[in-house]
Every structure is written in structure tokens, then in C-alpha cells.
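Colleague: If you want the building blocks of each chain, they are given just below.
Protein chains: 2
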Amino acid sequence: MDTALTTATSRPHQPATAPIYQRLATHYRGAIQAGSLVVGDRMPSLRSLMRQHEVSLSTAMQLSRQLESEGWLEARPRSGYFVRRPLRNTLATVSEPRMDVTPDPAQYVGIHARVSDFIARGRLQMVKTNLAVARCAPELYPAEALKLAAMRVLRTHPQLLVSASSPRGNAVFRAVLAKRALSLGVTLSPDEVQVTNGCIEALNLALRAVAQPGDTIAVESPTFYGLLQVLEAQGLRALEIPTSPQTGISLDALEMAMQTYDNIKAVVVVPHLQNPLGSIMPDAHKQGLVQLCERQGIALIEDDTYSELVNESTRGDTPLRAMKSWDTTGNVIYCASLHKILAPGARVGWMTAGRWQARVEMLKFSQTRSNEELSQLALADYMASPAYDRHLRRLRSSLHVQRETTAQAIASYFPEGTRLNVPDGGLSLWVELPQKLSSRRVFDAALAQQILVTPGQMFSNSLRFDPYLRINCGWPQQQDVEQGLRRLGQIVTTLLETQAPT
Amino acid sequence: MDTALTTATSRPHQPATAPIYQRLATHYRGAIQAGSLVVGDRMPSLRSLMRQHEVSLSTAMQLSRQLESEGWLEARPRSGYFVRRPLRNTLATVSEPRMDVTPDPAQYVGIHARVSDFIARGRLQMVKTNLAVARCAPELYPAEALKLAAMRVLRTHPQLLVSASSPRGNAVFRAVLAKRALSLGVTLSPDEVQVTNGCIEALNLALRAVAQPGDTIAVESPTFYGLLQVLEAQGLRALEIPTSPQTGISLDALEMAMQTYDNIKAVVVVPHLQNPLGSIMPDAHKQGLVQLCERQGIALIEDDTYSELVNESTRGDTPLRAMKSWDTTGNVIYCASLHKILAPGARVGWMTAGRWQARVEMLKFSQTRSNEELSQLALADYMASPAYDRHLRRLRSSLHVQRETTAQAIASYFPEGTRLNVPDGGLSLWVELPQKLSSRRVFDAALAQQILVTPGQMFSNSLRFDPYLRINCGWPQQQDVEQGLRRLGQIVTTLLETQAPT
Chain E
3 MDTALTTATS RPHQPATAPI YQRLATHYRG AIQAGSLVVG DRMPSLRSLM RQHEVSLSTA
63 MQLSRQLESE GWLEARPRSG YFVRRPLRNT LATVSEPRMD VTPDPAQYVG IHARVSDFIA
123 RGRLQMVKTN LAVARCAPEL YPAEALKLAA MRVLRTHPQL LVSASSPRGN AVFRAVLAKR
183 ALSLGVTLSP DEVQVTNGCI EALNLALRAV AQPGDTIAVE SPTFYGLLQV LEAQGLRALE
243 IPTSPQTGIS LDALEMAMQT YDNIKAVVVV PHLQNPLGSI MPDAHKQGLV QLCERQGIAL
303 IEDDTYSELV NESTRGDTPL RAMKSWDTTG NVIYCASLHK ILAPGARVGW MTAGRWQARV
363 EMLKFSQTRS NEELSQLALA DYMASPAYDR HLRRLRSSLH VQRETTAQAI ASYFPEGTRL
423 NVPDGGLSLW VELPQKLSSR RVFDAALAQQ ILVTPGQMFS NSLRFDPYLR INCGWPQQQD
483 VEQGLRRLGQ IVTTLLETQA PT
Chain S
3 MDTALTTATS RPHQPATAPI YQRLATHYRG AIQAGSLVVG DRMPSLRSLM RQHEVSLSTA
63 MQLSRQLESE GWLEARPRSG YFVRRPLRNT LATVSEPRMD VTPDPAQYVG IHARVSDFIA
123 RGRLQMVKTN LAVARCAPEL YPAEALKLAA MRVLRTHPQL LVSASSPRGN AVFRAVLAKR
183 ALSLGVTLSP DEVQVTNGCI EALNLALRAV AQPGDTIAVE SPTFYGLLQV LEAQGLRALE
243 IPTSPQTGIS LDALEMAMQT YDNIKAVVVV PHLQNPLGSI MPDAHKQGLV QLCERQGIAL
303 IEDDTYSELV NESTRGDTPL RAMKSWDTTG NVIYCASLHK ILAPGARVGW MTAGRWQARV
363 EMLKFSQTRS NEELSQLALA DYMASPAYDR HLRRLRSSLH VQRETTAQAI ASYFPEGTRL
423 NVPDGGLSLW VELPQKLSSR RVFDAALAQQ ILVTPGQMFS NSLRFDPYLR INCGWPQQQD
483 VEQGLRRLGQ IVTTLLETQA PT
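So the protein lines, in turn, are chains E and S. Just so we're aligned, residue 3 is where the first sequence starts under my numbering, counting upward by one. Just so we're aligned, residue 3 is where the second sequence starts under my numbering, counting upward by one.
Each statement offered as a hint is correct.
Same chains, same label: a pair holds when it works inside one copy or across any pair of copies.
Below, computed lysine to any residue pairings styled on SDA-like, alpha-carbon distance capped at 20 angstroms: (1) Lys130 x Gln452; (2) Lys267 x Ala235; (3) Lys130 x Ser168; (4) Lys438 x Thr496; (5) Lys267 x Pro215; (6) Lys267 x Gly237.
None of these hints come from the bench; they were simulated from the model.
The following block holds chain E by itself, in its conformation from the complex (with noise of 0.2 angstroms):
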């Protein structure tokens, strides 16, 4: 096997930026891939990877650390680390759906009825083991740097919070968005830049500036609960298409969709890291949905809230090609945040809008006027300065190792037929239930023992996905977390033990 460091740095898409250690751990997580180094098979010893790779001490153990935590080695006392084939990888990934399904666009269905019980019901309870959130813990954010920004703002702005702040955006934030927005082969001026609280806003703008209530938005099947929201909130049309856990919407049902109903006035797609599947788009794909939706005259809609999530042995040095990039009439309306990424406690999205620009502005004038600009220009000052490309790796690094252990526990303790889609990146796992257990069962059950998890059914109109879990990572493992996996697994082994086989 080749262990020179030159193999591993010269790998596709590993940035040259990332910590040695990662790098290591990068070309290691290969070798057992491939089968260069097989189960049971003992890795190299501390000292050795020291000599090898000419790194410190500290580097060989973090490297060997981080493998373990990721489930790939074992440490066995007195004797090293010891490939292991992690758990999680016993798991079968998650059914791809299924294509002759016809898709019927649903009308009101009460998916608030829904959401509002689901958030009482967690609110009724007190809640230990919260798996629901599709948030991360704040520790995973520069939250010292980002007040110092803010308080340096505040002394350079004595009059920031007396002064109107622009419908826009700030100026200064909207071009450092979109210079940032290059690297996603986006080219924008900043004043084709719209500012908005968050991305939630941006999606409810670009559907109404391009629908009006009654018609049907073509969106991936199942989808975030905040968009069926969205659309039910507008009196839109949900038509749900079928979306694969690992290439993301399906662009042939799409396509005959198209064909079946003629009121389709937009397609909303996450292309990397939809939530919930985690499925990232390739490339082909992309671009050939922003034909299609050309071709058919029908606005596409991207929200690319997770794509910085991306692990970067997937990514590399860059963020995946937005669906924009491949916009050359301005029928894309991109939307993205960066709430998830950089600053849960700050409301601030932002979209560029194509041929709606114009009324994408009137819009968020006439909804909300303007966001604050004491968050921008705090948001800007970091999002300038290197230390925003370092939090990132960092974050991303977290979530890898928090995605890696979470999904070990739940292989350790969830019960056969379990299915489970690791995506490469974010901050959540998708998870199929054995024998069609129905995720709502365990919901109620999981929470009188005070775990709180997102049910399938929250995620569509229909009920199709019944048997389904979503279950964030975002936290750092802690114990409590280790335990309510166990626990939820319990559970849903027992529920498998009373239910009649289907």
C-alpha cells in the first residue's frame, strides 16, 4: 500500500488548505475504501506515521483519533489501531423511490395542522434529547469573532441603528456576497444582489413573484417541511417528484410531469444536501434541469442553503456549481443563507432574482422593507477576512466526525432492515424504519421518554413517507445524545416486536 503523503495530497478536490492531519485521514479513509487496507488489518503505529509522513506526534494521534471517531479503527490496548469496517456501512442505504408513482398536486392538506401539532407537542413535553433540529450546536460557530465584528461596527456606525437602512442591502454586503458568489460560477454585480431574512424569505419572494395562489409548484419528494409551508401559506400547489437519496430529483418524472399538468409555475430544488435525503446533484443533472425548465418556460427556483456543508473530500477547494451558473436567461432564482453556516442568531438570506429582480425588490419592499444592516456589516467584516474559510473547514470537519458518529450509534443500536443515507455533508441523517414501522409511533414513544425526532410524514403532503426519521447531527456528541440514540433504537425495536408483520 502507498502511504507517501504525496498520494494523498494529490487526490481530486483535496484542498491544500486543510490541516495535515485531515489530509492524512483523507488518504487513510481511501486505502480502507479500496480495500488497500482491510478489516482487521493493523495501522500503521504512531511512530511509524510520524517517520512516514515526517508529522508530529500530535498530528499522528489526531489523525488515528479522528478515524476511530469516524468508525473506520479501533484501538485495541497495548496494540494500536485496527481497521474495522465502521457499522454504519452494514446499513443498506435508503429505497430510491419509485418512478410510477403519478404525482397529484396536492391542494390544502393542513401541513400547518401538522407542523403546529408536531412543535406543540415537543413543546408540551420537556425535552432531553432534542434529534429534531435541523440546527447545529453554537459552539460550531465563531461566535467571539462575530461580536467583536459587531461591536467594531457599532464604533465605526455610531449611527447604524438610527439611520434607514437600505430595501437592498447593505452595499458592502452585497458585494462581498457577490464576490464569494464567483466561486459557485455565479458572476453577479452586488446590485443584483437582494438581501432578505434568511433564506425562507427568499423562497416565499421568488414564489410570489413568479405564482399566484392556486397554481402547482413542482418541488423534490419528500421536502423540508418549511416549504410545504410556504406553499400552503400562499394557497400554491404542492406536486411532490419523486427525488433519489443519492442524485436528488428525478429529472425524467419531472419531465412528465411537466407533460401531465400545464399550471406548473415553478420548480424549488435544494441541489446539494436536500433536506431531508442529503442527496447532492451531479453536474449533468443540474444542468440539464435548467434546460428543461427553460425549455418548458417554467422558473426554477435553487436554494442552496447547505452547499459550504459539503464535506470537502467531495468538494474540494471550492462549493459545488450552483444551478445558476448554468443560467443564461435569468429564468434561475438563487436563494441562499447564511444561517446554517455562519450566523444562526442573525436573519440574514439573500437571492438574485434573474428576470424577477425587479419585482423580487417591490416585494420584499412592500412585505418587510429592509433587513438591519448592523448584521450585514458585521457578517461582511468576517466574511472578508480569511478566518470565514477557516471556520468553515472547521464546521465542516465537525460535522463529518458529529454525521460519522451518529450514524455508528445507529447502526450499533437500531434494529436489522434498518436503512440509512450518510450523506457527504450537513447536518442530518435520513433514516428508514424496517417493515414500514411508522415513524409517528415512534415519535409518540420517543417522546414520553423525552427524545424528540422529525417524523416522514413532515416532509410531504402524502404519507409516504410514514416510515422514515429524520435525525439531526448538529450537536457534538455528547453522552446525553449517545444515550437517546440507544434509547430510540429500543424503542423502535420494540415497536417492530408488537407490530403484526407487514
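Here the structure of chain E is known, so what remains is to put chain S in place on it, guided by the hints.
Modeller: Then chain S, alone, in the frame of chain E:
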């Protein structure tokens, strides 16, 4: 004439906490209005003011200057101050609306396009004197204190920018708002308060909660274009109800409209300092309106953005009573904002939605999720201190002077036949041009001279208010504002001379 201070302080509504020179100013203003002091009378000398009221020289001078700036006194060299009738009182007040016009619900009329055109034209041209924007100068707000409050909040809540914010709003801030609502006659629990992105989001949520696209909403006529934009964006039809420049919306006309149209879903009213009229509804009207809407089963949406800006001589020590205070069935949705009265740089409004509270919460969640907590906490910190009421008194007093001097300039420079409403508070004046001169023509000619005004057309879907202008007086009178008003007067005069008599 009775100049005893006791008289001044015993006036109804005169807050005991106002600075002494202001209390004296109220007294002498009253004496002039009552005819105790007549035009040409000499005002008591500074020396006799000091003796009579036992005040310092500086207080006596502040008093005289205040009355001079308001146009009640004029200084004659080496002779002291003499009473004059403020020129603005030579102008008739704005015409009352015709009640025999049958209102007709407007459908989409392109107010967006009208507003866009107006904004775009204002942007194209260099503007030197902006009399259009309904804002106050930043120096009228407590910039330094708010800045320090924000810094304190950042220090005491170091994780604020990286922790998710509450959809309903920060609990401390909601408690402050609920406490202050008591002075409006409204008893609320903090949990009945929903924080919003300014009053404009509150109105959006209120309308979405009670109406569907195609429904009719009764509004004051004229009303602020922001509301007409919201209605248009939501596909609602505005039914414009005649509104008195003195007492607000006509209850008779409204009741007639309710009998004529059966799909009116809500009435939106600004009871205090209506924009653009400046009217203030008498308590009996407010109560009558609440009861009328309740009887008819039509939601009443109260926009109370301006009540803190009512003159102290009118309101006394507490704000005017909110319509919500007469609501016994949850039929009134109360909306307000801190944007105009405390922090134009914070996008912070709030609402309490009666029986639509749960629906409003869900709509807020689906549209913008939550407000940032930093500004909420900074405002809560400031509002809980006595500095807040001191600021409001200063702001009201500054606006009083600015309105009077602006009115004085209009009376001096505008041609005969101009009619003017000088409201009992707020930051704008409503001017009726002579001979039905089109304000659109004034707008064009003024813009060519780098002066921006708001033409009456912006405040209605009809062209009924074409011969009206709204003039902002939120800026302390400076030379260029004075000059701008002089040139505006000349423009109106010139246009009148070239216009065929109507």
C-alpha cells in the same frame, strides 16, 4: 391676562414632567389662541418672565425662542418679542372629503408601478432637498444610548449571533412591549405579542390571516402607499373610504360600504396621526368603529405606528387610547412599530392578533421565521429605562417646532388658495394645492430643481388626490429645507399662472 404658572400646569393633558419652558410655551400659546394676547401685543420681557415665573434667564429665553420658531412671536430689534398671528393660520385647512362618492373596490391598479416609477425617478435625479420621505433625521434619535445598549447586550449575551432566535420574539422584549401597552389601555400577556419586521410585516401578516386573494379590504382614503402596495401584492381589493383630515375615517361612509359590499374582510385604520392626513380619531369614533366591525363580523386592523408622536398638549402624559382597548372579542388586530419613534435602523415592529394570534404566529414562522434578537434586546434595555420617555418627549417637542416652521414656510411661500393641515403631531403635512393644480406637475418641476416631494396620487388608487402634496418635516429646519420650500412655492405659483383656470 393670567400668567400664573399654576394655570399653565393645570391645563388638562399637560404632563407635569415636561421641561418648564415647554409648559410655559403651552401656556402662552393658549393665551394667544384664546385672544388674551393679541397680534401686536408685546410679550412680557425676559426680566418679567423670570420674575413672574421664578425661572432662570435661560428658561425665559428658551420659551421666547420656542414661540418664535413656531411663528407665534417675532423679535423686533431692541424692543423684545411681539405677538404675531402665525402665518400658517392664515391658510384654510384641507377640504373635507365628499361623502356622496360611492366607493368602488379597486382591483390591481398598478400602485407598484406608480411607486416604482416615483422611486426610480427620484433616484435618477440628484436630489438636494428631500421633502418626500416620511422619516426623521437620525439626530432626533438616541444613537449613542442605543449603540451602548447594543454593546452591552453583546457583552452579556456573547452567543447571541450564533444561537437561533425565538419565532415569537425575544421574551424580555415582549415583556417590555406588553408593559407599555398598558398605557394604551391594552392589557396583554407577553405571550400575546408577536415581534415582526416593522409594522409593514405586521400588516402583511394581519391581512393574510383574515383575507384571501380577491377579498375586499376597506382602507382610509387617502392612505399611505405602503398599505396599497401590500394589498396589491396580496391580490386584495382596496375599498377607499372617505376620511376627514380632522377626525379620520368616516364611520357613516364605512357602514354604508359594509351594507353595499358583502366581501369586505377587514378595515385597516391608522387612528392616530393618519398618514398622510395627520387626523386623530376622537375616542367616541374609535369605540364606534370597534363596535361596528364587531357587529358586522369584519376584522379591524389598527396601525398605531404614530401614537407616541402626538403632541403632549393633545395627549397629556400617556399615549392616546388604542382602538384595541375597546376590543372585547379579539376582533381587533393591533400593529405598531419602533421604527419611527425610537430606532429607524432596527426593523422592529410588533402585533397582537386577537383571535387570529395562532394563525399569525404560523404565518410569521413560514414567512420570515423570527427577528434577530440583538436589536430587540438593545431596544428592551433602552425602553426599560427612564431615558426612553425623555427621548419621546424631546422627539415630540422637536417635531412640533419642525412642523410649525415648515407650515410657516408654506404659508409664506405658497400662493393664495393653498390649504394646509398641520396635525397635532407627527412628521408630515398635507397640502392642498389651489385650483386643483396637479401635484404630478409640481413633482416633475420640483425634481428638475432637485427637490423631492410626494404627489397625492401615491396615496390612492384613484386620482382623487392629484391636487395634494405630502411634505415631510422630520428634519430640523435647515437652510436648504427652507430654500427648498421657497422654490417649491415659486414652482406652484408659476404652474398656476400657466394653467388654464379650472
